[in-house]
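Asker: In case you want the letters, here they are:
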Amino acid sequence: MKKIMVGNHAVSWGVMLARAEVISAYPITPQTTIVEELSVLCADGRLNAKFIPVESEHSAMACCIGAAATGVRTFTATSSQGLALMHEMLHWASGARLPIVMANVSRALGSPFNIWGEQSDSLAQRDTGWLQIYCESNQEVLDTVIQAFKIAESVYLPVMLVLDAFILSHTAEPVDIPAQEEIDAFLPPYRPQWRLDPKDPRTFGCVATPEYFMEFRYKMHQAMLASKEVCRQVDEEFGRLLHRQYGLIEPYYCDDAEVILVTAGSVTSTARVAIEEMRKEGHKVGLLKLRLFRPFPKEEIKEVVKNAEKLAVLDRNLSAGVGGVFAQEMRAALANWRNHPLIYSYIAGLGGRDITLPAIKEVFHRTSELAQPPAESLWVGLRGKGVVHD
Amino acid sequence: MIEEKELMYSGHLACAGCGATLAMRYALKALGENTILILPACCWSIIGGAFPYAAVKVPMIHTAFETGASTASGVKAGLEIRGDTETTVAAWVGDGGTFDIGIQALSGAAERNDDIIYFCYDNEAYMNTGIQRSSATPWGTWTTTTPVNHPKGQPKKNIMEIMAAHRIPYAATCSVAFPEDMIAKIRKAKTMRGTKFIHIFSPCPTGWRAPSSLAIKIARLAVHTKVFPLYEVEYGVKYNINLDPKNLPVDEYLRLQGRFAHLTDDEVHTIQETVDREWARLIKKALD
Amino acid sequence: MSQQIIFKNLEDMPYMSISLGSMEWNKTGTWRYLRPRFENKISPCIEGCPVGQDIERAMVLLGKSKYLEAWELFKEENPLVGVCGRVCFHPCESACNRGEFDEPVSINALERFMADTATKQGWRVKKRVEEGEAKKKVAVVGSGPSGLTCAYHLARLGYEVTIYEALPVLGGMLRVGIPEYRLPKKVLEDEIDQILELGVKVEMNCRLGGDLSWKDLQKYEAIYLAMGNQKSKKLDIPGEDLPGVMGGLDFLRDISLGKKISMGKRVAIIGGGNTAIDAARSALRLGAKPIILYRRTQEEMPAWASEVKEAEEEGVEISYLVSPVRIWGENGKVNRLECVKNRLGPPDEDGRRRPMEIKGSNFSIEVDQVIRAIGEEAELQGLPKNLGVKEGLILIDERGGTKLKKVFAGGDITAQPRTVAHAIGAGKRAAIFIDCFLKNKKWEGLIDDLRLGEKGSLSMRRYRQEEKDREPVSNKTVRLRDLNLDYFTFQKRSKMPKLKVQQRIGSFAEVNLGFTQDTAISEALRCFNCGVCNLCDNCYIFCPDVAIRKDVQTGQNIIDYDYCKGCGICVAECPRHALVMEEEGR
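Residue numbers (the working numbering), protein chains in the order written: chain F, 1 to 390; chain S, 1 to 288; chain U, 1 to 586.
Bound conformation, chain F alone (with noise of 0.2 Å):
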């Protein structure tokens, strides 16, 4: 059934539809729908799950993990600030291995306020353990939010999908709805080996010395290390049942390309419509989609850009003092490569500036030009510096 929706009601939908039992959430821009349409779902009857409306996102996320340990489907929403200060709990929630599914409406962190999108909230919650998933569309919002029930839930560990704030959040667009017996079908119920059972009482998440606590950490690692290839599987099954299928990475024209875009979020499919034009006007440049953020798809990535020169990472995030997180990333994941292409760095639409098309454009002329990656990232559309500052 296709219907017009809002991402964030995409959100509500997925979560309606992988039959999520405790959800617990705390409201704030531009998260808020998400909730809400599920608070809709819910007095329906349509979804039969507990809603906790919290006080904060702590305790949101501490929530989760209670209702998470007793072998529940458990789902919770926010955002920037939110998942700022949730952060201790989204450490404990992958350190006691819950498989618990989280949307983050990415958006600026204040200070100052900005309520719009940017990426900087999820990507600084890069080391807390959890999987995180880009989406750029709603439809895939919707289908990446069952896929994730079904990937946390094999490998113990927890899931953020993140949609951008207002691009895709408040955005309407087609989606189509699968029916609830296709999902049920695709996702079982959640059945763990572990949980809070007085019939089988042990104590859950006791103190590590420092003589086991290496090897806890080394599981979870490898867990998420596995994960990617769970990731593929569950992104492969969902294609056979429902015809629509992700990748951990979408390639998009990098065969023979020179220069490759890298690109996360809703604005891959801008960057789409540039490398077609591009493309048409006879440059040699391609995108690549990165998906899957954690685990980081190293191998995937490489075989990718095996051939071309030179990358140009758009990161809609800052790490202040050092730039750009994904080209960040990319360099880590590529140094050990003698011959990887060159890396550049692009700091483009914080606080939900726009990233245009001729930026885009731009982007790619600067890259193209330039014989060496400058030292630090190029910042797009700063006040008075033209396109991209030198």
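Bear in mind the hints are in silico, worked out from the structure with no lab data behind them.
None of these values were measured; they are calculated from a predicted model.
Take the hints with a grain of salt, since some may be wrong.
[To be verified] 30 Å max Cα-Cα, derived DSSO-like pairs, lysine-lysine:
id	chain 1	residue 1	chain 2	residue 2
1	F	Lys199	S	Lys57
2	S	Lys57	F	Lys219
3	U	Lys550	S	Lys5
4	S	Lys188	U	Lys550
5	S	Lys5	U	Lys64
6	S	Lys5	F	Lys199
7	U	Lys8	S	Lys57
8	U	Lys27	S	Lys57
[Claimed, not checked] Derived Cβ-Cβ restraints for the label pairs, each shown as a range:
id	chain 1	residue 1	chain 2	residue 2	range
9	S	Thr191	F	Gln193	26 to 36 Å
10	S	Glu33	F	Ser154	31 to 41 Å
11	U	Asp469	S	Ile2	36 to 46 Å
12	F	Ile4	S	Lys190	49 to 59 Å
13	U	Val580	F	Gln193	24 to 34 Å
[Stated by the list, open to error] Calculated Cβ distances over 12 Å to all of chain F for the following chain U residues:
id	residue
14	Tyr15
15	Ser94
16	Glu160
17	Lys265
18	Gly273
19	Arg353
20	Glu377
We put the CB at the ideal spot given by N, CA and C, even for glycine.
Put chains S and U on the given structure of chain F with help from the hints.
Answerer: Chains S and U in isolation, oriented as in the chain F frame:
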């Protein structure tokens, strides 16, 4: 009658004479096996032992410091959606995790009237991290962050009044020196739906600088000097005092503890006046 | 018991931190530098009992309605439970720690309750040794409480005992010195019968120095002398030999033997002890108007306060600070007693203030009978010179042994407090050491082993090694300051119901009526059980380490030293000081 079955193992890591272990021992006797405990950072995080061991015979989950009530709310929701409305969900939290860092989560859960029993075992400071002051530390007390020449200048936060203001179905004070009273109240709380708050006076010989053998005597004197009266509050308005104290002077309670050794006679007098005043207020509420 | 879990490989570990076992492998007993220990001690009532009774244990049994066990327990030490339950001066109650707290336990009344219950139920004391064994022979001279007790214990230890009694009735002072309204004959006779049922022989009307000679006694392998003090002291004033003047003991004896008494109308009784009170109250019941004249004040009166109170209720007059100086007669009969008033001067050797005559304060009262009750003394005829006598009393050592190896003595003829309980205690002691003597057992150090508390009397149960379940026992006596009073609440002592005064003065019916079952149980439960574990379970309840557990078979609490951290809460919270704390021996 005190249930004979033990749900707490020997071999735990508590200090000799620990009031918190007695509190847990009695609480578990009252709660029974069909209980899940939520344990944020507090002395009990260590008392229960490290991986791969447990010190209690009920399921227990460690959680972050400020999340006692919120995690408990989550556990309860998870059980209910599975169809289990019988298993008791209990948060087991220290005074730091209740009065200070965890008060937001507690207030949230209480406002939602989530069906949990929230236990606060109160040793009147951050004992697990080394006897630092909390808002549960009484006026005039020595702690490592309120040294003797600058003891705590603020009175103890009245957590029971805070919980009463939330109008939760049940709040009660308990003392480990009165196990039958404590067990009866916990059993009563178990029969009720909604948020129940149990405030347990839990002496810490280590942090209170008292001989370990006096832990129970101190807990008893606290009640009989009216420093820590035993009472219940239903729906925030109906007060019931459970035990008529012997009205002993507070000095009998204070002088057993090194953390009060620096107090002058005037300061003891001030404490006596405060205790008497608070008691008079409590009586008035009970008579209403 | 959970073992320690060791993981050699990371693959063996679970994917998340979860418990796989319990902490029980962790024997926290190694933390300890002080350790608690259960140790029973001596209750002050036990130490204070001249008979040497395990009063505390009896209180426990009574509290549980185990009347037979309580009675049998007491009978192990004393054949005269019913007697003592009526006439003992109950130093146990003076020693009772509860006395400092609120009021002492009514131990005396409870002892009586035990005996009365036994009578009602028809219980008889059990033999300890069967017939048919060749037994050594022992003689006991005197059938008062001391002689009877010695004979009883010796019979139960396996001896053939013969009691020689000067009077035609058994019981000594119990029979002829204490009026029936205090000690009914039936009660005494029943308990004496139970002694005789053990095979004890009796020769009555045999006075030593009269029908019985010292030589007659030599055929016995051991002898116990317990003739008591049967003679009332003289006043040593003019007129004492007039008819109508008699000794208090003679007066009481005549009444109890059923002799005809010519009672005067107005009787003066000189003295302030129980004999004086007994004589006065008996005279009252025989229709006279008695007046007691005592040379000091009521505070110094040796008679029990309860007896004095009952006498006053019944209408007995008591005049204090008065001494007789001369008895006047007319026509060969007493008609006047001249007295003088006293004031109290400095204290005597016994600590009481000396009465001093106020010169010129003489006055007279009209009396037609005078009874002397100023003290008793022994009649020591028939004893060999080398026995060892001083100031009218037979000399004995700590065993009750005299200078003659096979001769022992006890009771009022020796230098000991003049009470029924002390007499009984002496009889028991003599039986123990006669047994040692006849079996050639070493007795040095035995007294300390048998003594209940540092100052108490000897325990027959210990002598028979029947106190095993109480071990370990220390000989320390527990005082009020050793107790944790937080666990005790005030509760008034039960009152002994009495006959109304109108009913009392008309007859010799027993004045005290005894406790009901409910009163007895509730009074027994007032006992603090000083120094002895009564399974209140405080230690078990308050242990933070669950290191005190119940022994499944015995129900006793045991300390699990594998886990005990030595915090000491159990010791502090034991209401009765039945635990001690000691340094951990390393």
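Asker: For Tyr15(U), is the shortest CB-to-CB distance to chain F above 12 Å, so the non-interface label stands?
Answerer: violated (5 Å)
Asker: For a C-alpha distance cap of 30 Å, please report whether Lys27(U) and Lys57(S) respect it.
Answerer: Holds, at roughly 18 Å.
Asker: Beyond 12 Å from every chain F Cβ: check whether that's true for Ser94(U).
Answerer: holds (57 Å)
Asker: Between Lys550(U) and Lys5(S), does the CA-CA distance stay at or below 30 Å?
Answerer: holds (12 Å)
Asker: For Gly273(U), is the shortest CB-to-CB distance to chain F above 12 Å, so the non-interface label stands?
Answerer: holds (74 Å)
Asker: Minimum Cβ separation between Lys265(U) and chain F greater than 12 Å?
Answerer: holds (90 Å)
Asker: Take the C-alpha atoms of Lys188(S) and Lys550(U), compute the straight-line distance between them, and say whether it is at most 30 Å.
Answerer: holds (28 Å)
Asker: Verify the proposed pairing of Lys199(F) with Lys57(S), using a straight-line Cα cut of 30 Å.
Answerer: holds (10 Å)
Asker: Do Ile4(F) and Lys190(S) keep their Cβ atoms within the hinted range of 49 to 59 Å?
Answerer: Cβ of Ile4(F) to Cβ of Lys190(S): about 51 Å, so the range 49 to 59 Å holds.
Asker: Given the hint of 36 to 46 Å, check if Asp469(U) and Ile2(S) actually sit that far apart at their C-beta atoms.
Answerer: Cβ of Asp469(U) to Cβ of Ile2(S): about 26 Å, so the range 36 to 46 Å is violated.
Asker: For the pair we were handed, Lys5(S) and Lys64(U), check the Cα-Cα distance against 30 Å.
Answerer: holds (26 Å)
Asker: Does the structure keep Lys5(S) and Lys199(F) at a Cα separation of 30 Å or less?
Answerer: holds (16 Å)
Hints 11, 13 and 14, counting from the list given before, are not met by this structure.
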